[in-house]
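**Student:** Here's the letter readout for the chains.
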Amino acid sequence: MVSLARKNLLHDRLRFAITILGVAFAVTLVFVQVGLFLGLLDNASVTIENASADLWVTSKNTPNIDFSHTFPDVYVQRVRSIPGVARADNLIVWFMQMALPTGAQEGTEVYALEDFSAWNLPWKTTQGSLADLKRGPYFFLDSSAVRRYGPFAVGDYREIFERRLKIIGTTEEARSFTTTPITFMDFRLAQELAYQTMQAKTTYILVKLAPGADVNAVKAEIHRRLPHNDVFTKAEWAQRSRAYWVKNTGIGLNMYLTVFLGILVGIVVVAQTLYTATMEHLKEFGTVKAIGGGNRDIYAILAEQATIAALVGFAVGVVPSLLLKPAMTKIGLKLIVTPGFAVVVLVGTLVLCLVSAMVSFRKVAAIDPALVFRG
Amino acid sequence: MPVLEAHSVVKTFVEGRETVEVLRGVSLSVERGEVVALEGPSGSGKTTLLSILGCILTPSGGRVVVDGEVVDTGDTRVMRRLPAIRKRAIGFVFQQYNLFPALTALENVEYALEVKGMRGAEAHREAERVLDLVGLADRKKFLPRDLSGGQKQRVAIARALSGAPPILLADEPTANLDSQVGQQVLDLFRDLCRRENRALVVVTHDPKVRSIADRVVTIRDGRLSEPALAA
Chain A
1 MVSLARKNLL
11 HDRLRFAITI
21 LGVAFAVTLV
31 FVQVGLFLGL
41 LDNASVTIEN
51 ASADLWVTSK
61 NTPNIDFSHT
71 FPDVYVQRVR
81 SIPGVARADN
91 LIVWFMQMAL
101 PTGAQEGTEV
111 YALEDFSAWN
121 LPWKTTQGSL
131 ADLKRGPYFF
141 LDSSAVRRYG
151 PFAVGDYREI
161 FERRLKIIGT
171 TEEARSFTTT
181 PITFMDFRLA
191 QELAYQTMQA
201 KTTYILVKLA
211 PGADVNAVKA
221 EIHRRLPHND
231 VFTKAEWAQR
241 SRAYWVKNTG
251 IGLNMYLTVF
261 LGILVGIVVV
271 AQTLYTATME
281 HLKEFGTVKA
291 IGGGNRDIYA
301 ILAEQATIAA
311 LVGFAVGVVP
321 SLLLKPAMTK
331 IGLKLIVTPG
341 FAVVVLVGTL
351 VLCLVSAMVS
361 FRKVAAIDPA
371 LVFRG
Chain B
1 MPVLEAHSVV
11 KTFVEGRETV
21 EVLRGVSLSV
31 ERGEVVALEG
41 PSGSGKTTLL
51 SILGCILTPS
61 GGRVVVDGEV
71 VDTGDTRVMR
81 RLPAIRKRAI
91 GFVFQQYNLF
101 PALTALENVE
111 YALEVKGMRG
121 AEAHREAERV
131 LDLVGLADRK
141 KFLPRDLSGG
151 QKQRVAIARA
161 LSGAPPILLA
171 DEPTANLDSQ
181 VGQQVLDLFR
191 DLCRRENRAL
201 VVVTHDPKVR
211 SIADRVVTIR
221 DGRLSEPALA
231 A
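Keeping their order, the protein sequence lines are chains A and B. Be aware that the first sequence starts at 1, since it is given in the working numbering, and climbs by one per residue. Be aware that the second sequence starts at 1, since it is given in the working numbering, and climbs by one per residue.
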């Protein structure tokens with residue numbers, strides 16, 4: 001089968017290249033912007049997703065995991081006594097100040113538990129043993145902290161709230177949306193460091209359900225026993241934490257705006273090049289009509305050209321997006337490109353190009369086949 | 001039995017507030033295998049008549065019968081049938097060749113066949129056959145830009161012949177060719193039409209066309225000088 005669409009498209013290679021670059025630019029822009037956004041959102045809930053808690057008890061109206069509020073740590077006893085609860089422990093998530101060897105002060109986000117191994121937190125340790133955290137004024141520090149704190153090693157000391165603590169281990173992938181480096185320490189040590197606010201207090205209770213327990217029944221019972229707290233499933237809490245940043249900061253709007261601009265650039269470039277190509281091939285389309293073709297035949301040509309532009313543009317656009325991934329990681333940013341997201345972008349690119357081709361449809365419908373007789 | 005008939009065809013165009021009558025009751029009949037030259041000065045209505053005979057335009061009055069199908073004043077139903085009639089019954093050859101520049105000679109013919117509904121290997125074979133007929137078997141992989149004017153017109157003739165339409169309509173087919181090549185193309189045209197029993201109407205200013213025509217009709221001010229069929 002002879003493809004006039006493909007042959008015409010490839011016949012003018014410069015125009016084809018411009019069309020492809022336009023589509024590829026839009027694809028790269030969407031991949032990078034949305035990929036970075038997904039990476040940031042992933043940071044917003046990465047500790048929730050990895051912790052092995054089925055339910056999270058928070059103080060009332062806590063907006064996300066980072067912005068925690070305190071409540072009495074004895075509440076955990078009320079939760080432990082509920083039928084269907086296999087285990088419940090206090091978790092402190094709290095911002096503290098760390099003094100660096102340079103004399104500078106930096107914030108750190110402390111995660112404090114009595115038994116880290118029971119909750120899969122942290123989920124990736126690269127040095128040290130978590131069991132040693134209970135043995136003294138020690139802490140684990142995520143390796144991403146190098147960017148903010150400078151180089152550090154196991155055995156180094158840092159001051160947190162003016163108390164000298166020893167780094168006894170390192171972790172990876174523990175991030176927060178705020179980019180503040182995460183440290184892991186024993187629950188009692190965290191209470192001591194921030195004793196003015198944390199004495200006999202916690203910020204969360206992690207709950208593991210017994211096998212076969214009804215999650216809704218346990219949630220309802222926790223709520224009945226702790227009416228001034230909120231209870232979320234893992235999925236609800238992760239969603240709430242992510243949604244906070246999307247809805248309450250400009251980052252969501254910024255992402256939508258960039259995606260919109262990327263799509264607009266793609267539509268304009270594809271529509272403009274296809275329209276110009278249509279105008280230049282009017283006589284050829286007139287010939288198609290003269291030899292018996294209809295508008296539908298010409299629409300099919302334009303649609304095929306748009307589809308080719310979409311597929312090639314997508315393929316060209318996805319390459320820089322993937323190449324940028326390791327570069328982004330080096331500067332501490334996470335670029336997430338999942339297969340599902342790639343499929344959405346591919347379908348979006350196809351729709352974008354087909355919509356662009358429709359700009360030319362009206363012109364084609366008006367072609368008078370008699371123009372083939374004009375010199 | 002005529003394969004193409006025009007009965008008292010009238011065509012008017014509205015230009016601003018004026019109505020211009022381009023054809024004023026033209027009647028013509030063409031048999032299979034017959035070659036008719038249609039001559040006339042510029043603006044006499046030759047191309048308009050060719051467009052109506054080729055089902056590109058509909059008449060404002062009168063009627064045209066194309067291979068048994070009646071085409072009269074252009075209501076929507078008639079307009080919708082025109083592409084199908086063109087596909088089945090008519091092959092065009094244009095002054096400017098109107099080949100698709102991105103397609104090879106073979107693909108130009110094959111594509112036209114695909115538009116007409118023929119697909120795959122059948123279209124490929126038929127395209128090769130008609131290119132052989134016009135003597136371009138060794139040029140079928142060439143793009144139009146690599147062909148001479150005469151060769152391009154041969155490809156256009158092959159395209160018009162493909163799919164075996166009973167009627168061929170040619171608009172100044174030798175206008176862009178030198179005298180010798182023009183004559184070769186005309187001879188080829190005549191031979192093919194006779195051999196394949198096609199009717200051929202050639203609009204022309206070129207006196208050489210008379211040498212291959214069975215009949216010459218002249219159009220002047222929208223009227224044929226010697227109608228071939230009584231209205």
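No lab work stands behind these hints, which were simulated from the structure alone. Here the structure is a predicted model, which means the values were calculated and not measured. A hint or two may mislead.
[What the hints assert, rightly or not] For lysine-lysine, the following DSSO-like pairs were computed, each having C-alpha atoms within a straight-line distance of at most 30 angstroms:
#  : chain 1 : residue 1 : chain 2 : residue 2
1  : A       : Lys247    : A       : Lys234
2  : A       : Lys363    : B       : Lys208
3  : B       : Lys141    : B       : Lys87
4  : B       : Lys141    : A       : Lys7
5  : A       : Lys134    : B       : Lys140
6  : B       : Lys87     : A       : Lys334
7  : A       : Lys60     : A       : Lys208
8  : A       : Lys7      : B       : Lys87
9  : A       : Lys283    : B       : Lys141
10 : A       : Lys283    : B       : Lys87
11 : A       : Lys7      : B       : Lys208
**Student:** Look at each hint and say if it fits the structure.
**Tutor:** Taking the hints in turn, this is what the structure says about them:
no.	hint	in the structure
1	Lys247/A - Lys234/A	holds, 20 angstroms
2	Lys363/A - Lys208/B	violated, 39 angstroms
3	Lys141/B - Lys87/B	holds, 25 angstroms
4	Lys141/B - Lys7/A	holds, 14 angstroms
5	Lys134/A - Lys140/B	violated, 85 angstroms
6	Lys87/B - Lys334/A	violated, 58 angstroms
7	Lys60/A - Lys208/A	holds, 20 angstroms
8	Lys7/A - Lys87/B	holds, 23 angstroms
9	Lys283/A - Lys141/B	holds, 23 angstroms
10	Lys283/A - Lys87/B	holds, 18 angstroms
11	Lys7/A - Lys208/B	violated, 37 angstroms
Checked against the numbered hints above, the structure violates hints 2, 5, 6 and 11; every other hint is satisfied.
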